[in-house]
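These are the residues of each chain, in order.
There are 2 protein chains.
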Amino acid sequence: MDTIHHIAIQVDNIPDTLEWYKNQYDVKVVYADETWALIQFSNVALALVLPNQHPPHFAITSNHAERYGPLKTHRDGTASVYIQDPAGNNIEMIRLPK
Amino acid sequence: MDTIHHIAIQVDNIPDTLEWYKNQYDVKVVYADETWALIQFSNVALALVLPNQHPPHFAITSNHAERYGPLKTHRDGTASVYIQDPAGNNIEMIRLPK
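In the order they appear, the protein sequences are chains E and H.
One point on numbering: in our numbering, the residue at position 27 of the first sequence is 27, and numbering is uninterrupted.
One point on numbering: in our numbering, the residue at position 77 of the second sequence is 77, and numbering is uninterrupted.
Calculated from the structure, these hints are not laboratory results.
One or more hints might be untrue.
You can't tell identical chains apart in this list, so a pair holds if it fits in one copy or across any two.
[Stated by the list, open to error] With a Cα cut of at most 16 Å, we get these calculated EDC-like pairs of lysine to aspartate or glutamate:
| hint | residue 1 | residue 2 |
| --- | --- | --- |
| 1 | K22 | D2 |
| 2 | K98 | D76 |
| 3 | K22 | D85 |
| 4 | K98 | D33 |
| 5 | K22 | D33 |
| 6 | K98 | E66 |
Can you build the whole structure from these sequences, using the hints too?
Written as structure tokens, this is what we have:
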């Protein structure tokens, strides 16, 4: 079965919101700076993003993400492209580093 | 660590959108009718909901969901309450049946 790599929600203040999630839940912070954060739950990751940088979305892992369009390569070695479902929900098709 | 039970996205037409997800991805349909659907990925479930019935949200499993407010019991034995993070994102705190 396919895997959801992360969920991304928009927040205005990354550090403050991250602090709230750390206080509320048993999670591990994978990455955090002023522009985004990645919070690991037991089964999937939650990304906090700024409204002007990324849409709210969820990401699905794919070894063939390029079939969905030209991939943008990220600093962590992943590469991805955004698509939309018929209702307009944003899905990031993401290829993990080998 | 805490677990994300499902992600819920709003769609206008449940059957049509469900068909799209089934065609695009390797998933298992757990439940579907005209008013909502639950799609299982390998690690987490994706719920399709109607805009007038549920907000877009994600659900976090908790044995102590009642600490977050009065729980609403659902037909499948789960019970839950909606809260919001400081940025206004909707989180469903959900207690699973024993």
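Status of each hint after checking the structure:
| no. | hint | in the structure |
| --- | --- | --- |
| 1 | K22 with D2 | between (28 Å within a copy, 11 Å between copies) |
| 2 | K98 with D76 | within (12 Å within a copy, 40 Å between copies) |
| 3 | K22 with D85 | between (31 Å within a copy, 12 Å between copies) |
| 4 | K98 with D33 | neither (26 Å within a copy, 39 Å between copies) |
| 5 | K22 with D33 | within (15 Å within a copy, 36 Å between copies) |
| 6 | K98 with E66 | within (15 Å within a copy, 43 Å between copies) |
Taken one by one, the earlier hints fail for this structure only at number 4.
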